[in-house]
Amino acid sequence: MTAQTSKGGRAWIFGDDVDTDVLAPGLYMKGSMEELAAHCLETVDPAFASGARAGDVVVAGSNFGIGSSREQAAQVLTILGIKAVVAKSFGGIFYRNALNFGLLAVVSSADVTVGPDDRVVVDGEAGKISNLTTGDSWDCEPVPPHLLEMISAGGLVPWLERRLAQTNPGKETGIK
Amino acid sequence: MAGRTLAEKIIAKAAGQASVTAGEIVTCRVDLAMMHDSGGPRRVAPILERLGAKVWDTDRVVVVTDHYVPAVDAESARILDTTRKWVAANGVSNFHDMQGICHVVLQENGHLSPGMFVVGGDSHSPSGGAVGCFMFGVGATDMAGVLVTGETWIRVPGTIKINWTGELADGISAKDMMLAACARLGMGGGDYQVVEYAGDTISALPMPERLTLCNMAAELGAQTGIIAADEKTADYVRAAGGDPGDYASWQGDDDADYLAVHEFKATELTPQVAAPHSPANSSGVENHTGQNIHQAYIGACTGAKLEDLKMAARVLEGRTVASNVRLLIAPASTRTTAEAAADGTLATLTAAGAILMPSGCGACAGYGAGVLSENETCIASTARNFKGRMGPVNSNVYLASPYTVAAAAVAGHIADPRKYLAGDGE
Ligand code: SF4
Chain A
1 MTAQTSKGGR AWIFGDDVDT DVLAPGLYMK GSMEELAAHC LETVDPAFAS
51 GARAGDVVVA GSNFGIGSSR EQAAQVLTIL GIKAVVAKSF GGIFYRNALN
101 FGLLAVVSSA DVTVGPDDRV VVDGEAGKIS NLTTGDSWDC EPVPPHLLEM
151 ISAGGLVPWL ERRLAQTNPG KETGIK
Chain B
1 MAGRTLAEKI IAKAAGQASV TAGEIVTCRV DLAMMHDSGG PRRVAPILER
51 LGAKVWDTDR VVVVTDHYVP AVDAESARIL DTTRKWVAAN GVSNFHDMQG
101 ICHVVLQENG HLSPGMFVVG GDSHSPSGGA VGCFMFGVGA TDMAGVLVTG
151 ETWIRVPGTI KINWTGELAD GISAKDMMLA ACARLGMGGG DYQVVEYAGD
201 TISALPMPER LTLCNMAAEL GAQTGIIAAD EKTADYVRAA GGDPGDYASW
251 QGDDDADYLA VHEFKATELT PQVAAPHSPA NSSGVENHTG QNIHQAYIGA
301 CTGAKLEDLK MAARVLEGRT VASNVRLLIA PASTRTTAEA AADGTLATLT
351 AAGAILMPSG CGACAGYGAG VLSENETCIA STARNFKGRM GPVNSNVYLA
401 SPYTVAAAAV AGHIADPRKY LAGDGE
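Quick mapping for you: the protein sequence lines, in order, are chains A and B. In terms of the working numbering, the first sequence has 35 at position 35, counting the first letter as 1, and numbering is strictly consecutive. In terms of the working numbering, the second sequence has 95 at position 95, counting the first letter as 1, and numbering is strictly consecutive.
Some hints could be false.
BS3-like mimics (lysine-lysine), calculated; alpha carbons at most 30 angstroms apart, straight line [unchecked claim]:
id, chain 1, residue 1, chain 2, residue 2
1, A, Lys-30, B, Lys-387
2, B, Lys-265, B, Lys-161
3, B, Lys-310, B, Lys-419
4, A, Lys-88, B, Lys-161
5, B, Lys-85, A, Lys-30
Some chain A residues flagged as far from chain B (calculated, every beta-carbon gap over 12 angstroms) [as the list claims (entries may be wrong)]:
id, residue
6, Pro-25
7, Tyr-28
8, Arg-53
9, Ser-69
10, Ala-110
11, Asp-117
12, Lys-128
13, Gly-135
The following label-pair restraints were derived from C-beta to C-beta distances [to be verified]:
id, chain 1, residue 1, chain 2, residue 2, range
14, B, His-294, A, Lys-88, 38 to 48 angstroms
15, B, Asn-287, A, Ala-38, 43 to 53 angstroms
16, A, Lys-88, B, Pro-276, 47 to 57 angstroms
Note that these hints are calculated values from the structure, not bench results. The beta carbon of each residue, even a glycine, is placed where N, CA and C say it ideally should be.
So here's chain A without its partners, still in its complex pose (with noise of 0.2 angstroms):
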């Protein structure tokens, strides 16, 4: 299974030094992960949360994901159907916790240039971003083939659990 290459989706254009609070308000935190996908970014796009589709990419500036540790910043994009992040540089925990909750998050020191409407497709496999509806194309840093995996697999737990369940058939055991 590959899913390195997000299908396509519409591109969500963001700034600099979008950050934990904006993406998982700390408001809603106590409600459900549903309920706190809602507001997701709705200080700066009030449409983003209710617009977003499966295979939606986001492109962001520089510092996205900056602030706590909560890994519902990066679930609640998976949650709207985010395929992938686009941003020159990301805060370092959110990276992390992007990569291991199946959202695919790629550094570009590109100006990637899309406008609201413009289909985007990301390659983490080729470290590849382009823009289907103006056909310019940039590079990005390439994720390796075993965390394009786990991305596929929708992230680490899903895919240890798949990783178990091929090691050990029926056994309760640790993966040696």
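Given the coordinates of chain A, work out where chain B with the ligand should sit on it, guided by the hints.
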């Protein structure tokens, strides 16, 4: 090819590669995983259960209870009970139950040695860098992955060097050094990279002070902090029952690429105080002198090791805590308490009127005894003073060294510790 940083060398070894480059993503074997009662078993057990998986190597897991000890209510008692039962059920032999704060207990018991690749379920896990480990903090999902596979992936960080040169004046400590660094570089200055401390000031520091430096790399927003091992490190590890191994080989190359090098002069450093609500809000004590306080707290992994208690004792010797202030002291570990009892430090503290508390995180994270009331102000030797961390959102915490906290306790308001040290006969 440019040389390698210390962090790159440790990561390469853990990844089983000849070398790694900053920005590259690699999978590493984990030498040790540390969890505490708050973020540990109660959070990872449900994930392991879902996976039907067991711990990959019970000898490579250390569990510490420190955040909720001793239990203050039914909930904290339940959290501790969950931790103990999980440890027993999973056959984890390295269990330090109520023996002190995880970052201190880990080093005191010789669990860490130079060159190790270690993960910890706590944001101050960079503390491990004091003995030349690459140790960083992870969340519950990451930790569960480590517990099942013994591995974790990492995007190799770059290294920012912080050079300290010159001799620290009397009354100045590692806490002052870090508050000054937070003020200059800001809380994002570490950029989730590695902060490596070097220079003759660092070489002269005792190991517990180095722990404070690496611990507070978290306050700079770094992934971790690290100090290359030297003979002091090796002696410390041996005395703690560990094996320093080939410690001298764990050094960065002279021609390694650093993202930035920041120079600090120890001789110019004065006692620092961080005003609410950020460690980056630091400046010289003279800017805060006279500030009223209700409580002085000497506690936490950064501020209540034996060295810290001795600093406080030098200020408190022959003096008494002001009547308008309460001074709470929670030694960082039970071993610290025992050593401070044996060498007379505790007697000095209690004679001055300090209230002795159990070892643990206590009031630092606002979970344990010693929290503040509405609108109260505390000066603490802890690492963080975020809004509401030690009590209600309208309570205030100033951060400072144990010297400065003790001086404030005696004066009844924030005061310069140096005037109390001048005549202490040392
Ligand atoms: S003492 Fe404070 S900083 Fe240290 S581990 Fe405990 S809560 Fe964290």
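Check the hint pairing Lys-30/A with Lys-387/B against an upper bound of 30 angstroms on the C-alpha distance. 19 angstroms, holds
Take the C-alpha atoms of Lys-310/B and Lys-419/B, compute the straight-line distance between them, and say whether it is at most 30 angstroms. 17 angstroms, holds
Measure nothing beyond the straight line between the CA atoms of Lys-265/B and Lys-161/B; if it is 30 angstroms or shorter, mark the hint as holding. Distance ~14 angstroms between Lys-265/B and Lys-161/B Cα, so the pair holds.
Beta-carbon spacing of Asn-287/B to Ala-38/A - inside the hinted bounds 43 to 53 angstroms or not: Holds - the Cβ-Cβ distance for Asn-287/B and Ala-38/A, about 45 angstroms, lies within 43 to 53 angstroms.
Test the statement that Asp-117/A is away from the interface with chain B: the closest C-beta pair must be farther apart than 12 angstroms. Per Cβ check, Asp-117/A is outside 12 angstroms of chain B; nearest 32 angstroms; holds.
Supplied distance hint 47 to 57 angstroms, evaluated on CB atoms of Lys-88/A and Pro-276/B: 33 angstroms, violated
If I take the minimum Cβ distance from Tyr-28/A to any residue of chain B, is it greater than 12 angstroms? At about 18 angstroms from chain B, Tyr-28/A clears the 12 angstroms cut-off, so the statement holds.
Just want to verify: Gly-135/A was marked as not at the interface with chain B; is every Cβ pair farther apart than 12 angstroms? 28 angstroms, holds
Taking 12 angstroms as the cut and beta carbons as the points, is Arg-53/A off the interface with chain B? Answer for Arg-53/A: holds, closest chain B Cβ roughly 26 angstroms.
Hint check for Lys-88/A and His-294/B - Cβ pair distance inside 38 to 48 angstroms: Holds - the Cβ-Cβ distance for His-294/B and Lys-88/A, about 45 angstroms, lies within 38 to 48 angstroms.
Using Cβ atoms and 12 angstroms as the threshold, tell me whether Pro-25/A really stays out of contact range of chain B. The assertion about Pro-25/A holds, with a minimum of 17 angstroms to chain B.
Please verify whether Lys-88/A and Lys-161/B have alpha carbons no more than 30 angstroms apart. 23 angstroms, holds
Violation of the numbered hints given earlier is confined to hints 9 and 16; the remaining hints are satisfied by the structure.
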